[in-house]
Amino acid sequence: MIGQTEETLTSNKIPYEVGIAKYSELAKSLMLGDEAGMLKLLFHPETHKLLGVHALGQRATEIIHIGQAVLFYGGSVEYFRDMVFNYPTLAEAYKVAALDGLNKL
Amino acid sequence: MNVSEYDFVVIGSGPAGQKGAIAAAKARKRVAIIDRAVMIGGVSVHTGTIPSKTVREAIFQLTGFAVKALYGNGRRNRGEISVQDVSSRVNAIVARETEVIRAQLKRNGIAIHQGIAHFLDPHTVEVQGDGEGTSVKAGKILIACGTRPAHSPESP
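Residue numbers (our numbering), protein chains in the order written: chain H, 90 to 194; chain W, 3 to 158.
Calculated directly from the structure, the hints in this document are not laboratory data. Keep in mind that a hint or two might mislead.
Straight-line C-alpha distance at most 16 Å; calculated EDC-like pairs for lysine to aspartate or glutamate [said to hold, decoys possible]:
| no. | chain 1 | residue 1 | chain 2 | residue 2 |
| --- | --- | --- | --- | --- |
| 1 | W | Lys139 | W | Asp123 |
| 2 | W | Lys21 | H | Glu96 |
| 3 | H | Lys102 | H | Glu124 |
| 4 | H | Lys193 | H | Glu124 |
| 5 | W | Lys28 | H | Asp189 |
| 6 | W | Lys142 | W | Glu156 |
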């Protein structure tokens, strides 16, 4: 994981929204046989700025770096919505999670 | 003949057709999508992307191919691997992906008509082979029925 957690955001009184991609929804993780993993994005509900990224499951150590770069450069979840992600990949979890989170607003 | 009316009809349920249908549904249009029953999800799910990548991944896993270099050929004997082993993996994942797409369309209130679309006039499409002889009318129709390979005479 990188950035904030729901606990730190709550204790700092920073509003946030959550976007989740379950590995069970991704074609690539079905191919790899991992249906338990997940990717969670935390972002600001008004500015949509990315606040935290949590990755669990196969190759989480690899895909976390995508979130690390966006977080470091102060990017927003629209980046994941608007960019093309290869299919089927685990990196695609970022797009699924961004759409999930933005749909909740 | 049953006639169903929509604001927007999409022919083809591959990636382009799905996104077009969902975008229209989110704009509160009445939407239907037409494709053959065995092709919901399009070439990507049934004959292209998903099967080919699953075959590759299944062979890596069943043979331990990726780690052979570390442990030496023949050290990882997992028995004979048959075409059936690989194709049962592929079939399971294709079925699962088809369900994901079907659920996504349903969740967005999109009607699915199964059959082959055939234009009767610019705003009416007959769905052939659905057993009911349905035709659908729409103000706008998106044709997203896929591509053919382009063969260049310069690269045989």
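The hints, checked one at a time:
1. The suggested pairing of Lys139(W) with Asp123(W) holds, with an alpha-carbon distance near 9 Å, which does not exceed 16 Å.
2. Among the hinted pairs, Lys21(W) with Glu96(H) is inconsistent with the structure: their alpha-carbon atoms are about 36 Å apart, more than 16 Å.
3. Restraint check: the Cα-Cα separation between Lys102(H) and Glu124(H) comes to about 33 Å, which exceeds 16 Å; the hinted pair is violated.
4. Among the hinted pairs, Lys193(H) with Glu124(H) is inconsistent with the structure: their alpha-carbon atoms are about 23 Å apart, more than 16 Å.
5. Proximity of Lys28(W) to Asp189(H) is assessed by CA-CA distance (about 14 Å); at most 16 Å being required, the pair is judged to hold.
6. For the hint pairing Lys142(W) with Glu156(W), the CA-to-CA distance comes to about 39 Å; that exceeds 16 Å, so the pair is violated.
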